[in-house]
Amino acid sequence: MRTRESSPTNPHGNFGSASRSMDLDQRFAAEKAFSSVLVSTVREAVGNALGHNVLEILASKGLLDDASNSKEFDRKLQSLFGNGAAVLERIVVKDLNRKLGIPYNSEARLDYEKSLEIAREVCFVESRMK
Amino acid sequence: MTAPRSKTGASAFDLFSSKVEEGLRVKTGIVELDEMLRGGFMPGDAVMLAGSAGTGKTTLALQYLVSGVKLGEPGVYVTFEELPDQIYRDAKNFGWDLRKMEEQDKFRVICTSPNLVLESGDGSLLDDVLHDIQPRRLVIDSLSHLEMFVKKDDMRMEAYRVIRYLKTRGISSVLLWESPQISGASFSVTDVGLSFLVDCIVALKPVEIESSMRKALVVLKMRGSDHDKRLREYEITSAGIKIESAFSNYEGIISGSPRKVASEKFMEMFRGASEKQKKA
Amino acid sequence: MFRGEPDEMSGSEILLTLLGSEIRGDLLVLFHKNPGLIDTVDAIARRIGRTTVTVISELRELLELGVLRQKRIGASEVVFLDRAKDRELLESVANHLKTIRIGGEK
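Residue numbers (our numbering), protein chains in the order written: chain W, 1 to 130; chain F, 131 to 410; chain B, 411 to 516.
In isolation and in its complexed conformation, chain W is listed as follows (with noise of 0.2 Å):
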């Protein structure tokens, strides 16, 4: 799946109808798209602040299967890096939003779950593009 490094789109648009409007087939084929550039970023992100060596201990642990559902995965970090987990998912967010071309914001607080819903429906429209 094309992504991109620049251009910043509105994340607010009008998106949700994106998904709605993909047959089943479309669907499958751009929520498996998302969800490999969602566990590179996750990989990058996490083996860039912490190493390769954490990386893999978080691979083991199950957490790399789970970065596409938002609230297991947060879950997941919070048990394992307390406060530090929010750390975790804005480097996710910055890095996934950088590849995707939406704008980050560090003041505002961040939903990780809301920032993956927007990255993800930006994906589909991207994919309904093609």
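What the hints contain is simulated information worked out from the structure, not anything from laboratory work. Heads up, a few of these hints could be off.
To be verified - What the simulated footprint calls covered on chain W by chain B, stretch by stretch (three residues with Cβ under 8 Å from a Cβ of chain B suffice, anywhere in the stretch; the number is not a length):
(1) 48-60
(2) 70-84
(3) 87-100
Think of the CB as a built atom: it goes at the ideal place given N, C-alpha and C, for glycine as much as any other residue.
Could you slot chains F and B onto chain W? The hints should help.
What follows is chains F and B alone, placed relative to chain W:
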């Protein structure tokens, strides 16, 4: 009777005498370039690698360092503009794992500001870097960046200090220089007189020939050694720089106005006329 | 020059310091992606899109921990990654994480 010449233009005598000291040469790892240099750069020399943007200076410089690592010579890449992360990624495209070499303490990519490199005395930045892995080869990307921190009149002196620092420590350095244009028969590839400070100059130039962009490499200067004086075409391949044959059918490439040599033009006309006659 | 006493810190304490703020996270990512970066505080702050004022206190925490080091070069104070210390600290973090069962039970 003239001595037979190899495809690199060297006579048999030249090859014999240079073979004696070939073991002492600093190989670039690019076979054809090492031939052009009669075995490689001279040990401890300061080499200027000049060219405009996109000519492959970084690629050639990295290839030089990576080859050194393979020969057991640790290397350092000093960059003022690109972050190491970008250098690692670019090198990976050519199959060079710089991070792994760093883990093995055979390589370092240092990213810093030019003014910090210019600070001399005890505890200077380069002192620490050299102490860390004892490099035999070092690249500075690029010397042109010093111009941002140094007055034009002082540029030559500051560059001399850096070059002398490296030479007194026996480090074979490659100093990149971003030159907008290399033309004419002059050795001066910089406008601040640096070409006289370095021991060797390798120039890279994009050329337009028959409506396509090609790349030309030439050794403009090499103190203490013979070298191939011809312009050679080169490519940036997936494995690094590859040097092809000389532009023997063209002249005026350095001046920016390439044209076919008279003999080649004559041959073309002759072939053309011959074709017409056959058809008639 | 700032020095820390990380030899006495547990893996969880090290983790708490490393991930104590978003800026510290950004600094960690910057230096891990670019371990050969050696520059002034001003230049480092610019590289992560922040001001010197917001970065300096966070930098101090990492300097005290020892993952970053500071030295004077001419008239400038520069900061750089202590690769060996960084490896050591991250190993402590990794060992600590190995002991944690997801859900918070040790």
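Outcome of the hint check:
1. 48-60: holds (count 8)
2. 70-84: Since three or more residues must qualify, the claim that chain B covers the segment 70-84 of chain W holds, with 7 doing so at under 8 Å.
3. 87-100: Answer holds; 4 residues pass the 8 Å Cβ test.
Checked against the numbered hints above, the structure breaks none of them.
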